[in-house]
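Asks: Chain by chain, the residues:
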Amino acid sequence: MLGRGMLKGLYVTLRHMAQSYVKGPRRFPRRYVPGGKLERGEPDVEGMFTLQYPFERYEMFPRFRGVLCHLRDEQGQPRCTACMNCERACPHGVISIVAEGKGKQRRPKSYTYNLARCIFCRLCVESCPFDAIEMSREYEVTSFSDNLVLNLEDLLAIGDRSGIKHSGEAWKEPEPGDGQDVGAEGSAGAGSNNG
Amino acid sequence: MEDSQTVAALQDEHIDTESISINFGPHHPSTHGVFRMVVRLDGETVVDVEPKIGYLHRGIEKLAEERTYLQIIPLVDRLDYVCPMTNEQAFCLAVEKLGAIEVPERAEYIRVIMAELTRIMSHVLAVGFLWNELGATFTPMIYAYRQREYLQDLFELASGARMFHNYMRPGGVVADLPDGWVARARKQLAEFERFLDQFETLMTENEIFLARTIDVGVLPPELAINCGISGPVLRATGVAYDLRRADPYSIYERFKFEIPTRSHGDTFDRYCQYFAEMRQSLSIIHQALNRLPVGPVFNEKAKRLRLPAGEAYGHIESPKGDLGFYIVSDGKPQPYRFHIRSTCLLNLTALRQMVIGQKLQDLVIIFGSLNVTMADIDR
Amino acid sequence: MEFLDVLPLMIMQWVRTQLDMIMPVWGAEAIVAVIKIILLLAVGIAPVIAFTWAERKTLARAQDRFGPNVAGPYGLVVAFADAIKILTKEDVTPAAADSIVFRLAPGLILVPALLVLAVVPFGRGMVAADLNVGILYAVAMGSVTVLGVLSASWSSRNKYSLVSAFRSLAQLVSYEVPMAFALLAVVLASGSLSTVRIVEAQVVPFAISMPLAALIYFLSSLAEANRSPFDMLESESEIVAGLNLEYSGMRFAMFYIAEYLHIFLVAALTTTLFLGGYKGPLLPGWVWFFGKSLLVVFVVLWIRTTWPRIRLDYLLDFAWKFLVPLGMANLVLVAIAYRLASNPYLAAGLSLVGNLVILLLAGGILVLVARRSQSRRLRAVVLGEA
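Protein chains in written order, with this note's numbering: chain D, 1 to 195; chain F, 1 to 379; chain S, 1 to 386.
No wet-lab data here; the hints were simulated from the structure.
With a straight-line Cα cutoff of 30 Å, these simulated DSSO-like cross-link-like pairs (lysine-lysine) come out:
| no. | chain 1 | residue 1 | chain 2 | residue 2 |
| --- | --- | --- | --- | --- |
| 1 | S | K321 | F | K359 |
| 2 | F | K301 | F | K97 |
| 3 | D | K8 | F | K359 |
| 4 | D | K8 | F | K187 |
| 5 | D | K165 | D | K102 |
| 6 | F | K62 | F | K97 |
| 7 | D | K23 | S | K57 |
| 8 | D | K104 | D | K172 |
| 9 | F | K303 | D | K102 |
| 10 | S | K57 | D | K37 |
| 11 | D | K8 | S | K321 |
| 12 | D | K172 | F | K187 |
| 13 | F | K62 | F | K52 |
| 14 | D | K104 | F | K303 |
| 15 | D | K165 | F | K303 |
| 16 | D | K172 | F | K301 |
Pair ranges (Cβ atoms, derived):
| no. | chain 1 | residue 1 | chain 2 | residue 2 | range |
| --- | --- | --- | --- | --- | --- |
| 17 | F | I251 | S | W320 | 57 to 63 Å |
| 18 | S | A96 | F | G59 | 36 to 42 Å |
| 19 | F | E149 | S | A201 | 50 to 56 Å |
| 20 | S | T88 | F | E149 | 33 to 39 Å |
| 21 | D | K165 | F | K332 | 35 to 41 Å |
| 22 | F | Q353 | S | F322 | 30 to 36 Å |
| 23 | D | Y53 | S | D130 | 53 to 59 Å |
| 24 | S | T88 | D | K37 | 37 to 43 Å |
| 25 | F | E102 | D | Q77 | 39 to 45 Å |
| 26 | S | I336 | D | R15 | 40 to 46 Å |
| 27 | D | P54 | S | D317 | 49 to 55 Å |
| 28 | D | Y53 | S | V173 | 45 to 51 Å |
Negatives, chain S to chain F, calculated, CB over 10 Å:
| no. | residue |
| --- | --- |
| 29 | L19 |
| 30 | D20 |
| 31 | A95 |
| 32 | S192 |
| 33 | V203 |
| 34 | V296 |
For every residue, glycine included, the Cβ atom is placed at its ideal position computed from N, Cα and C.
Can you build the whole structure from these sequences, using the hints too?
Replies: Okay, here's the thing in structure tokens:
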């Protein structure tokens with residue numbers, strides 16, 4: 001009463017000012033975390049919070065939905081068979097495919113992916129029955145040219161960079177034996193692409 | 001002689017004041033989105049307010065008529081962008097009613113956990129922005145937003161995106177929670193309780209804050225009920241109406257939680273209401289985490305979605321109030337008509353009565369305490 | 001350390017003697033005056049540029065983030081970058097505005113603030129003009145600012161500016177009165193209106209012997225400087241910076257500089273009047289002066305990060321119903337204490353005790369009134385029952 005609340009507020013602010021110099025990996029005088037790659041911080045209430053973007057980057061979580069990429073099989077060939085499932089599943093008409101060949105030789109003649117219209121919802125990946133596409137973890141896609149339409153070679157290159165071997169790797173659930181505390185994880189969900 | 005005549009003339013005449021009309025335009029730092037108000041002021045007192053909406057209209061109801069039900073889910077995410085998961089939950093509820101689809105146990109528990117986390121996220125934003133409009137130069141807002149960032153990390157671990165999650169499906173959820181999620185969630189919630197205590201006792205006792213929010217923008221309960229207001233704004237006026245109790249959906253009947261209410265219906269009560277509801281949500285999440293069963297998370301029969309002709313209305317208690325989806329289907333994969341019962345639009349209708357007679361500075365605070373998102377109003 | 005204390009004076013003396021040898025007396029006087037003016041401007045404006053940086057850093061650290069730290073070491077270049085950015089903007093005069101007044105208004109705000117710098121004692125003997133009505137001059141210059149504010153917002157022909165003009169007039173005029181009462185107490189205690197003599201008369205800093213006057217003066221000058229929590233004039237979230245809405249380029253820079261200069265003046269005058277000015281052991285006088293004003297500036301920035309804005313009618317209530325009676329009571333108390341006691345320490349002690357009694361009485365009256373009232377707001381603010 002009589003001003004005590006205001007003084008408490010001042011105390012909180014002063015405490016945050018002091019803690020920002022003392023707590024956390026970026027305490028004074030270090031401005032950037034050495035190495036530049038960070039895990040997301042442990043949840044905390046005080047201490048320095050900023051990510052110094054161009055000099056430090058976060059390690060994205062495994063399920064992060066970044067730019068689309070194509071995957072190769074064991075022989076190094078892209079797995080895509082131009083079945084048009086992803087083109088039909090996309091809400092916005094981002095993907096357009098022209099197919100060639102019949103039967104087992106069916107392959108995409110051209111596969112264009114309009115990065116400017118994609119909302120990264122992953123419905124295309126969920127609908128693919130051939131384990132051919134996945135969302136990579138890239139998000140830095142700004143470009144100076146206004147050509148944000150990627151074709152199959154670009155997408156394969158992103159896929160090779162990302163190191164993903166199979167679609168839905170991060171979305172598989174652990175075996176029931178690996179149980180957690182109360183409420184062990186269940187078995188097959190809807191996001192895994194096994195047929 | 002002349003002087004006394006002039007003096008007498010002046011004494012007879014009244015000095016009239018004019019009221020001026022100010023445009024709180026769509027580009028304004030403190031409206032929650034693009035919102036325009038035409039305000040008539042008499043000095044500092046507000047005489048009339050005319051809200052003008054529609055600056056964020058994107059035609060979601062029309063766009064949904066051309067998309068299949070699975071493709072509508074990312075669209076519905078973007079309705080009220082501060083609480084995306086509850087929008088998805090309402091939509092999935094409507095579709096499941098229409099198609100009589102069952103949801104497995106574990107999926108229901110996960111949905112409840114996600115919905116309550118979303119409720120916390122939305123209330124934290126409401127509280128933070130109210131301080132911003134009061135003029136405390138972003139400091140309390142950043143304290144609140146920090147917690148929101150950690151919660152969004154939890155969402156990203158589970159669904160892949162910080163904001164537009166696309167996680168729920170009619171029939172369950174997309175995929176199970178990853179390894180370590182439950183432990184991380186518990187740790188996060190423990191820190192969040194610490195934040196709540198710190199924020200409540202150290203910021204809410206500020207005398208300037210109390211003087212500016214108590215008895216400002218009083219909403220009487222009859223007016224609230226007549227206008228169709230729901231959610232924390234209604235409960236702060238004293239009416240204990242919560243859809244999770246009144247019209248239970250999902251598995252909310254199995255959890256023990258209270259419906260907090262406040263009695264006066266002014267801005268301070270709405271502010272305290274957000275805190276009380278956050279605490280109740282924390283308790284629900286802890287109960288759900290403790291009882292999480294083993295099992296599948298998606299009903300495989302719902303994978304090929306074929307809805308019969310008919311109509312269904314599914315409504316839930318979203319963080320802003322009563323959010324409902326009305327779907328009319330004629331057997332095709334796309335809905336025939338898709339209507340959204342918008343929470344924030346109805347919450348906004350009482351603004352005029354709350355604000356007339358208050359000062360201009362109070363107008364901004366009252367509007368902020370209603371916690372509307374323009375995306376939900378304009379759809 | 002004595003040497004450092006008198007070093008600037010010795011340099012000025014040397015320059016004077018050199019000039020005396022080459023030119024007649026009036027020439028030397030004129031040149032010395034010009035040198036003093038340039039030094040004064042440098043000493044006045046340099047802190048202003050530093051404060052733009054300091055404000056951003058302090059606000060950022062309280063919000064758990066870095067603030068500017070990429071442009072230059074610790075972001076120091078940002079202060080100059082801000083200045084250059086403002087200077088390169090286009091100077092727009094609205095067609096409907098009253099162009100003569102519109103162009104003169106920033107000057108009316110900036111120049112009086114600069115003029116007050118003339119009576120601030122930066123160190124022992126380092127004052128530009130030792131007027132024997134120093135405090136009166138400072139208060140008068142502060143009042144001219146009111147005219148500048150009004151003419152700036154009226155000549156903009158803009159409704160937002162008009163609304164802010166109404167508010168600012170009420171605020172600036174009402175806070176002159178408690179400021180005057182607090183200053184009168186100081187003047188009574190030290191026996192003179194000259195700033196140098198006030199500093200000399202403080203054997204015990206007046207903030208200790210009359211804390212009430214210090215608080216009243218500090219809060220009133222915050223209000224005069226349009227600074228949080230009284231910053232409705234430029235409240236971003238409501239009126240979108242009403243006063244300087246139509247200004248851009250160099251004219252806006254003048255408003256900007258005037259605001260920060262006001263803050264520095266608040267700090268400098270509070271230091272001079274209440275914290276003992278340049279007095280202090282060991283270190284030279286000007287080091288103590290700048291150190292104390294930096295502390296006061298930090299408190300001003302600290303308040304800005306934490307407290308929300310006060311509404312206009314509470315602002316006026318606070319001035320007239322709270323600060324003015326306290327100021328008057330303090331004045332009477334100081335007059336009695338300093339008359340009764342001949343020893344300055346005894347007088348300081350008496351007035352400190354008296355101040356505490358006044359505070360307790362005022363608190364008691366407030367609590368009694370709040371207990372009996374029906375208003376929820378009053379009960380919450382005073383008694384804390386929310």
